[in-house]
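Chemist: Chain by chain, the residues run as shown.
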Amino acid sequence: MELICPAGTPAAFREAVDAGADAVYCGFRDETNARNFPGLNFSREELREAIAYARRHGTQTFVALNTFMRAGDEEIWYRAAADAVALKADGLILADFGLMAHVAERHPEQRLHVSVQASASNVDAINFLVEAFHAKRVVLPRTLTIADIARIAPQIRCEIEVFVFGGLCVMAEGRCSLSSYATGKSPNMNGVCSPASHARYRQERTELVSELGDYTINRFLAGEAAGYPTLCKGRFDIADSPAYAFEDPVSLDVMGEIDALSAAGVSALKIEGRQRGKAYVAEVVSTLKKALSAGPEQRTALLMRLRGLSEGQKTTSGAYEKRWR
Amino acid sequence: MHHTTSPSLTIGPVYYLWDGPKWRDFHFRLADEAPVERVVIGETVCSKRQHFIEPHIAEVIERLEAAGKTVVLSTLSLVTLERESRQIRDLVADSEHAIEANDLSALGLLNGKPHSIGPLVNVYNAPTARLLADRGATSICLPPELPFTSVENIVAGAPAIAFEVFAFGRMPLAISARCAHARSKGKIKDNCQFVCGEDPDGLPVKTLDRQSFLALNGVQTVSHTCQALLGELAGLAACGISGIRLSPQDCDMVAVAKLYRAVLDNALDADKAITLLREIYPTAALSNGFHHAREGAAWVARARDTAHGRA
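Those sequence lines, one after another, are chains A and B. Residue 203 in our numbering sits at position 203 of the first sequence; the count goes up by one each step and never skips. Remember, our numbering sits 1000 above the position in the second sequence when you count from 1.
Honestly, the hints are just simulated from the structure, not real lab data. Just to be clear, a hint being listed does not mean it is correct.
What the hints assert, rightly or not - Derived lysine-lysine pairs resembling DSSO-like cross-links, with alpha carbons at most 30 Å apart: (1) A:Lys322 to B:Lys1185; (2) B:Lys1185 to A:Lys314; (3) B:Lys1185 to A:Lys136; (4) B:Lys1187 to A:Lys322; (5) A:Lys314 to A:Lys136; (6) A:Lys289 to A:Lys314; (7) A:Lys290 to A:Lys88; (8) A:Lys322 to A:Lys290; (9) A:Lys289 to A:Lys136; (10) A:Lys314 to B:Lys1187.
Given only the sequences and the hints, what does the whole structure look like? Please build it.
Modeler: Structure (structure tokens):
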């Protein structure tokens, strides 16, 4: 199976290539991709250099254009697609049908991948995108169990890529407006979720309060590890009882299941984390690359080492395991 | 081409788990009393709930059609199980009624047949709307997240399609494979005992500072606030919107429909209507932020000196 690695900066990109990534995915420095964070992403020139570097090392480059085109400003997305094609990206990762149709028509030779943001969660949905836009690969939403994936794989006519490590969306990706409900900025329209521009912390006596926009997302007692106010990982009050209503502050790790994923028909494993630093990328990519070719015992030891890098130090198999539901 | 006629009203599918008789009686009363032209019915949120309404679907369709309403059948918004896929395939193959697609599988299967697109499909721009029209879509209810600038641009750019906007109701904000509603009551999705039925208007999610924030509806998360586009109706009509969607809450929806109809007919002032709406549905604060390119939870008071209710 291929290992698909994140890069938010040219430095992280080179680290991912050097660490043995089969492909690196990245985006332009604007709202055309779902990690539109300050200080991240690539200019056209940086992408040109990155793709050249990757190619010299036999690594592919996928460009994420995985937000939804803002009505009236479609040209921004069309130009990004044309530039990525001209820069010889190996694949474009798309979510918007309008953009998929445009790429399939104007750049028919370009390899098209369906972004997780498109929410293609079943056989008929995936085959629709394969037939209509000649998609070659689908990144499955984090809503399926491994058994679901095994059932879907033989019935679709494209490759399957799944997220295995890093941040975890609790909601079906590309179908969540929680962030814009609280802040006016959303993954679909602005390429951001729970943006830092709207995150605040304030001390209230012994408690640290984290807020997003006008809303309290969590309160931490002194000594409790305080996390970033990602909306769906917050603590809320339901029927007078405080709890992590949607998901604990955990991150995804299903590397322990890579044999099952391979048997299910998965061809590529994806690491989340374009917002992460180059040291993180280097460590995660090199360790997971080793884990892919290691025997079961050695693999367990390698994966244990990575646990310390995970958000909140706690991990979950997410929807891949049925009881998560 | 839509500019000359006043928009019609559509009642969206009931997103919540109501028991069979409540669901039936709600639609019977719509048939008898509500000034609406289209009613979308069918379980849209969770396939496990299907059997609650199934015994009543035929009589509801009959009553609505006898009253001259157009009935549209809604599909599930998150399809992952084989059983769910099969249900949509069967519906597309056999239905004599128009179908409203809420996920990509329905879109794929409906290719070449006239159909509607629900607000849970991501239509953010005119090229996407035109693509769907080429595949057979005749009407699209735009996602609640869209600002009016996008709505205007999309309507102008896809004249062959009838567009609706989501103008009343708690907004569907997210859907998950995991059931937060069941989990909040100590269950998991596969053994949920239909606890979401205890909350026919959603289960309130407050912040730890007691701010009303969201509501759980099974695997769906909806806004605490209720979308209320009333001051905006004239502007929406002027830009070519042909349908106004009212999403059922556990309140007097006939009164809600009459209120919206009266504002569309210029028989009731929008400000007066907003006051009345707060009495009809006192559960939730009103919001219209998405329409005005703000936070969705925001309420933008009407600026009296601007044309067409635009702020």
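Chemist: Does each hint hold? Answer for all of them.
Modeler: We went through each hint and held it up to the structure:
1. Between lysine 322 of chain A and lysine 1185 of chain B the CA atoms are separated by roughly 18 Å; this keeps the pair inside 30 Å, and the hint holds.
2. As the CA atoms of lysine 1185 of chain B and lysine 314 of chain A are separated by approximately 23 Å, the hinted pair is consistent with the 30 Å bound.
3. The suggested pairing of lysine 1185 of chain B with lysine 136 of chain A is violated, with an alpha-carbon distance near 42 Å, which exceeds 30 Å.
4. Restraint check: the Cα-Cα separation between lysine 1187 of chain B and lysine 322 of chain A comes to about 13 Å, which is no more than 30 Å; the hinted pair holds.
5. Between lysine 314 of chain A and lysine 136 of chain A the CA atoms are separated by roughly 34 Å; this puts the pair beyond 30 Å, and the hint is violated.
6. Of the pairs offered as hints, the one joining lysine 289 of chain A and lysine 314 of chain A holds, with about 22 Å between alpha carbons and a cut-off of 30 Å not exceeded.
7. Note on lysine 290 of chain A and lysine 88 of chain A: the hinted pairing holds, with a Cα-Cα distance of about 29 Å set against a maximum of 30 Å.
8. For the suggested pair lysine 322 of chain A and lysine 290 of chain A, the alpha carbons sit about 28 Å apart, so the restraint of at most 30 Å is met.
9. A threshold of 30 Å between alpha carbons decides the hint, and for lysine 289 of chain A with lysine 136 of chain A the separation of about 24 Å falls inside it, so the pair holds.
10. At most 30 Å may separate the alpha-carbon atoms for a hinted pair to count; lysine 314 of chain A and lysine 1187 of chain B meet this at roughly 22 Å.
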